[in-house]
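Asks: Given next are the chains, with one letter for each unit.
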Amino acid sequence: MQSKYLLSFAALAVTVLTACTTPLPSSADLDKLTKDVVARSFRAEGQAQLDRVNPDEDNLLCAQADQTGVEINEKLATAIEARNMQTIKPPADGKYLGDFKEGEKIAQSGSGKTWTDKADAANGGNCYNCHQISKEELSYGTLGPSLYNYGKMRGVANPSSPESKLIVEYTWGKINNPRAYNACSSMPRFGHKGVLTEIQIKHVMALLLDPASPVNK
Amino acid sequence: MKKIVIALGLIGMSAFALAQKSSSDSIAEYRQMLQDGNPADLFEAKGEGLWTQKRGPKNATLEKCDLGKGPGVVKGAWVELPRYFADTGRVQDLESRLLTCMQELQGFNADEIAKTPFGKDEQNNVTAIATWVAAESKGMKFNLSQSHIEERKMYEVGKRIFFMRGGSHDFACATCHAQDDKRIRLQDLPNLTKNPGAGNGFGAWPAYRVSNGQMWGAQLRLNDCYRQQRFPYPLFGSEVTIALGVYMGVNGKGGETVAPAIKR
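Chain order of the listed sequences is S and X. Heads up, the first sequence is in this note's numbering, so the first residue is 2 and it goes up one at a time. Heads up, the second sequence is in this note's numbering, so the first residue is 207 and it goes up one at a time.
The shape of chain S in the complex, shown without the other chains (with noise of 0.2 angstroms):
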């Protein structure tokens, strides 16, 4: 009996100590056990299968400078970029834009990759949920810029000339895979992830770049 109290004695001592005094264990053991709470608390559904809870190097590097608000290093954000800029390939045919119409509908849409969505549906490019692009939709987000004008701002009269080369290749980069040009940019990496095809991304650059497009109205 006697030896029983002193137990839970010590048992509540151990508990009261260990509540008090210890101290946080290291960052590199907190990431760990991050790593092993984020394996437990997830299960797959539909098409969101369990691998979307492993980040890459890239998500890993910029999430870790996110949360401590110590920007990534130069060396480290070259590298993102330039194995970013590894995955963007021109468009098979030479052509980079389609429709605008199409490209609108596409800028529209939200919906796409979600445990709920059909994982042969057609997704969308939540453009809007995040840019104003052209005038007539007022129901916009604001986490990235403003893209209404983004071809008549840049002086793309003619897509397919010359001087408009640049800008073209450019925005077909940046869509097909932003962090090519800033390494942890917040934009979903549309045609690396897969997440518009190669025609959808041609009917969005259409959108931002046709002069005859609403958005360069």
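Source of the hints: derived by calculation from the structure; they are not laboratory data. Some clues are possibly wrong.
Derived CB-CB ranges, DEER-like [claimed, not checked]: (1) S/Leu51 / X/Pro402: 30 to 40 angstroms; (2) S/Ala40 / X/Gln352: 39 to 49 angstroms; (3) X/Lys321 / S/Ala29: 31 to 41 angstroms; (4) X/Pro402 / S/Ala83: 38 to 48 angstroms; (5) X/Ala292 / S/Gly70: 28 to 38 angstroms; (6) S/Ser27 / X/Gln385: 55 to 65 angstroms; (7) S/Ala120 / X/Phe324: 18 to 28 angstroms; (8) S/Ser112 / X/Asp387: 20 to 30 angstroms; (9) X/Asn315 / S/Asp94: 39 to 49 angstroms.
Beta carbons: idealized from backbone N, C-alpha and C, even for Gly.
With chain S's structure known, arrange chain X on it following the hints.
Replies: Quick look at chain X alone, frame taken from chain S:
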């Protein structure tokens, strides 16, 4: 009841008419129109009834449930959750703690309830009870404990999860909720890394959602965030959801709880 039905009809019509206004304006208008008719009141009343009703295999009430301030103490419990519980050895949020009480006191199977889809069977009861418990702290200020090592660890884990980028779109919670004065479409986004966003955002759930006429607890709110983030499905009461609750709740310290709120 009739009054509430009429009020709900009004919300339906006004949701369309108000679509072009900023969401905060619209919600302020909803609130004014509803005045004393917040549909969350229904869930609150149901939750209060469930607390004192003998239920489950053990035919017992929840009146001895310890939400952190001692058995049966409800007022003020919500603004201190999630917290560490010595009996389970875990940090728990309101909903996961309710499952513990339902299992220990009433004999329900907590795992089974956790696996039940939102909006079905006992999950509805958990939401109603959570709504009542949160409402009992209305107007009080968030004051989560960070004295236990497990609570401090959960804050650090929550912070890491908040900034974790993943899924098909590389989204993190932070993509949308780490800056002031941003919005998605017309929807204002609270900055959950500090007040007032953290207290207002985290402190609003459970909330009645006007857009779909459902009462949502914090667990379902986080679940739908992760759906839209294109992540896989977070398990009910999982450590990820609780760690995020600790992160937001601690960031929201001193913020006033308005739960159960009315949301878009």
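Asks: It remains to establish, for every hint, whether it holds in the given structure.
Replies: Now for the hints, and whether the structure bears them out:
1. Distance hint check: the CB atoms of S/Leu51 and X/Pro402 are about 36 angstroms apart, consistent with the given range 30 to 40 angstroms.
2. Between S/Ala40 and X/Gln352 the CB atoms are about 25 angstroms apart, so this pair departs from the stated range of 39 to 49 angstroms.
3. Taken as a hint, the range 31 to 41 angstroms holds for the pair X/Lys321 and S/Ala29, whose Cβ atoms sit roughly 34 angstroms apart.
4. Between X/Pro402 and S/Ala83 the CB atoms are about 41 angstroms apart, so this pair conforms to the stated range of 38 to 48 angstroms.
5. As the Cβ distance of X/Ala292 to S/Gly70 is approximately 34 angstroms, the hint placing it in 28 to 38 angstroms holds.
6. For the pair S/Ser27 and X/Gln385, the beta carbons lie near 29 angstroms from each other, so the given range of 55 to 65 angstroms is not met.
7. At about 22 angstroms, the CB distance of S/Ala120 to X/Phe324 agrees with the hint of 18 to 28 angstroms.
8. For the hinted restraint 20 to 30 angstroms between S/Ser112 and X/Asp387, the CB-CB distance of approximately 27 angstroms keeps it satisfied.
9. As the Cβ distance of X/Asn315 to S/Asp94 is approximately 59 angstroms, the hint placing it in 39 to 49 angstroms is violated.
Violated hints, in rising order: 2, 6 and 9; the structure is consistent with all others.
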